[in-house]
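Trainee: One-letter residues, chain by chain:
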Amino acid sequence: MQDRKTVFKAFVDREKEVSYLNEMNAKGWKLAAVRFSFYTFYKTEPNKYKTVLHFVKREYQTTFVRTVTECGGEIAHQSNEGKCLLFYINVPVDSENIDFLTDNQSKLDFKKRLSISRKREAIATFAAFAVAVSSVLYVLPAAIKVLVHDPEKFGEIVVKEPIGATLFFAFIIGGTVCGIMSAYIFKLYCRSKKEIKTISSEMKIFE
Amino acid sequence: MNKYPALTETVFYILLSLSGPLHGYAIMQNIKALTNGRINMGAGTLYGALSALTEKEYITEVRSDDPSKRLYIRTELGTEVIENEIKRLNELTQNAVLYFKREER
Numbered sequence: 001m002q003d004r005k006t007v008f009k010a011f012v013d014r015e016k017e018v019s020y021l022n023e024m025n026a027k028g029w030k031l032a033a034v035r036f037s038f039y040t041f042y043k044t045e046p047n048k049y050k051t052v053l054h055f056v057k058r059e060y061q062t063t064f065v066r067t068v069t070e071c072g073g074e075i076a077h078q079s080n081e082g083k084c085l086l087f088y089i090n091v092p093v094d095s096e097n098i099d100f101l102t103d104n105q106s107k108l109d110f111k112k113r114l115s116i117s118r119k120r121e122a123i124a125t126f127a128a129f130a131v132a133v134s135s136v137l138y139v140l141p142a143a144i145k146v147l148v149h150d151p152e153k154f155g156e157i158v159v160k161e162p163i164g165a166t167l168f169f170a171f172i173i174g175g176t177v178c179g180i181m182s183a184y185i186f187k188l189y190c191r192s193k194k195e196i197k198t199i200s201s202e203m204k205i206f207e
Numbered sequence: 208m209n210k211y212p213a214l215t216e217t218v219f220y221i222l223l224s225l226s227g228p229l230h231g232y233a234i235m236q237n238i239k240a241l242t243n244g245r246i247n248m249g250a251g252t253l254y255g256a257l258s259a260l261t262e263k264e265y266i267t268e269v270r271s272d273d274p275s276k277r278l279y280i281r282t283e284l285g286t287e288v289i290e291n292e293i294k295r296l297n298e299l300t301q302n303a304v305l306y307f308k309r310e311e312r
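Respectively, the protein sequence lines represent chains A and B. FYI, in the numbering used here the residues of the first sequence are 1 to 207. FYI, in the numbering used here the residues of the second sequence are 208 to 312.
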């Protein structure tokens, strides 16, 4: 029975996720599956594989899997990304070509797809943040009355409803986390746009 | 004015390789051999190019005896495109040679 282990890791940045997966490859752990931020690895030789991510339009799923398999790659996992699928591919280091994307057009297509994914995530986390902030502001006066005793007497604050108060503050913290994540993902989105511009201008030089 | 846009090297060599039916890996190997290893295409690049060429109807898929492998072949449109590109590249090369010969004199 193959040695295996499962690790919980939460990534916002896909590029950091790939770096982590390749650190694990270097230690001899090959990605087998991903389920809700739980990464399962199988033991293998160190530095035997390299892991790459790739976005594929749904209608081209079969073509992609066939092409990758023919070229010696292994599909470790796939997940939904809006109109596309996101594939995690293990490429043997000793295969004919370890580089998954070898021309500017395919690199540009990948960066554009990554940029769309980041934009969607930034909007979703910002929306969650906005909902949390507006909800908190809306219910704050009532929440103080319900949860806290004698708010006018400073120093005599007693929490009447501890569970309610905990949930309320958890909601505030959750909203704050969403706001921070949204800002970070938006920064990554801007970085993607810059990289797209760089690759596009490199390609135009040769037109 | 050219009827078709200039092709990238990747697309040019894929169309060139598909005068007969080939599967993906064979296309990669053929291009590597044709270019003496200079173009060693990644699986992601190959997939992207094959998808784009299939969408443009420059190539089409055909069934093979092995159900796990699918072959590709150039269409008539694909042949017209590559012939057009070869003419364009010939013109470029001829002009370049003439120009440099004139400069040497």
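What the hints contain is simulated information worked out from the structure, not anything from laboratory work. Where hints are given, some of them may not hold.
Stated by the list, open to error - 20 Å max Cα-Cα, derived DMTMM-like pairs, lysine to aspartate or glutamate:
1) A:57 <-> B:262
2) A:204 <-> B:290
3) B:210 <-> B:273
4) A:43 <-> A:59
5) A:204 <-> B:292
Trainee: Going back to the hint list, which numbers does this structure go against?
Mentor: As far as the earlier hints go, 2, 3 and 4 are violated by this structure, in ascending order.
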